[in-house]
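*Asks:* Chains as they are written, first to last, in the working numbering: chain C, 113 to 246; chain A, 113 to 246.
Calculated from the structure, these hints are not laboratory results.
Incorrect hints may have been included.
Remember, identical chains collapse to one label, so a pair may be satisfied in a single copy or spanning two.
Below 30 Å or equal to it, Euclidean Cα-Cα: the simulated DSS-like pairs (lysine-lysine) are [what the hints assert, rightly or not]:
{"#": "1", "residue 1": "K214", "residue 2": "K156"}
{"#": "2", "residue 1": "K216", "residue 2": "K239"}
{"#": "3", "residue 1": "K156", "residue 2": "K168"}
{"#": "4", "residue 1": "K239", "residue 2": "K156"}
{"#": "5", "residue 1": "K156", "residue 2": "K216"}
{"#": "6", "residue 1": "K225", "residue 2": "K156"}
{"#": "7", "residue 1": "K210", "residue 2": "K172"}
There are 2 protein chains.
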Amino acid sequence: MKNKGTRAERELLHMFWNNNWACIRVAGSGSMPLPSPDLIAGNKDNLLAIECKSIKNNSKNFQKEEIEQLTTFSDILGAEAIIAMRFDNIGWHFLNAKELPKNKNGNYTVTLKLSQSKGIKFEELIKQFKQLKL
Amino acid sequence: MKNKGTRAERELLHMFWNNNWACIRVAGSGSMPLPSPDLIAGNKDNLLAIECKSIKNNSKNFQKEEIEQLTTFSDILGAEAIIAMRFDNIGWHFLNAKELPKNKNGNYTVTLKLSQSKGIKFEELIKQFKQLKL
């Protein structure tokens, strides 16, 4: 599970570098004052704090706190909060964490369907970032 | 040596968080396309890529390549390239990596004297960043 997540982070990291964005993986968050994202990526015009999920199924639940921590971190850093979903055999979709629809219980569920209808692909993320709207 | 460096990075990381800046440690650079800085710190107005050195002596040599890699990374990310020097029993001084004076051999030497005369203290780094000039 951990290795799959790490592989996905590295894959995405290289995708950014291959498109002349800088990207780093954040070191273990154990000793951090605030839970941190998995990746930070940017170029002169954009800065993204990214939580990555690589999943086999078509749906992933997020606790309310996980999304709040990502958006709080991003607000302090001055970055956009991005959920990067990698679906097996389908690929990456990117969602604005601040515009995820909330479940009745306050948590979040990101499905493949939501990702396809409301998310954007990598090419759009890096080329037309301003269009990232749910 | 490694532990001392890690302790210094964590100390600086907490200094940023305590002043409402976000800061993260960069995960091991082994698999990175480009050598990466130790820390990335920022708030809404500033973004810093930081190489940390914690030393017992009053002088530290940097290879030309090390400084070039830091400034190249910073340019791609859109951050300022900062050398953070921690001298035992004296504390932190911060220098703009792009304005370090070059040795005749093309490398760099950052002394305590240079750090005190041309660097700035943490309080200045976070409050008056625009004044960071060698």
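*Asks:* Hint by hint, note whether the structure agrees.
*Replies:* Hint check results:
1. K214 - K156: For K214 and K156, only the inter-copy Cα distance (27 Å) is at most 30 Å; the intra-copy one is 32 Å.
2. K216 - K239: neither (34 Å within a copy, 42 Å between copies)
3. K156 - K168: neither (34 Å within a copy, 36 Å between copies)
4. K239 - K156: Answer is both: 13 Å inside a copy and 22 Å across each meet the 30 Å cutoff.
5. K156 - K216: neither (39 Å within a copy, 32 Å between copies)
6. K225 - K156: neither (32 Å within a copy, 33 Å between copies)
7. K210 - K172: Within. Shortest intra-copy distance 17 Å satisfies the 30 Å Cα cut-off; inter-copy 44 Å does not.
Hint check: violations occur at hints 2, 3, 5 and 6; the rest are consistent with the structure.
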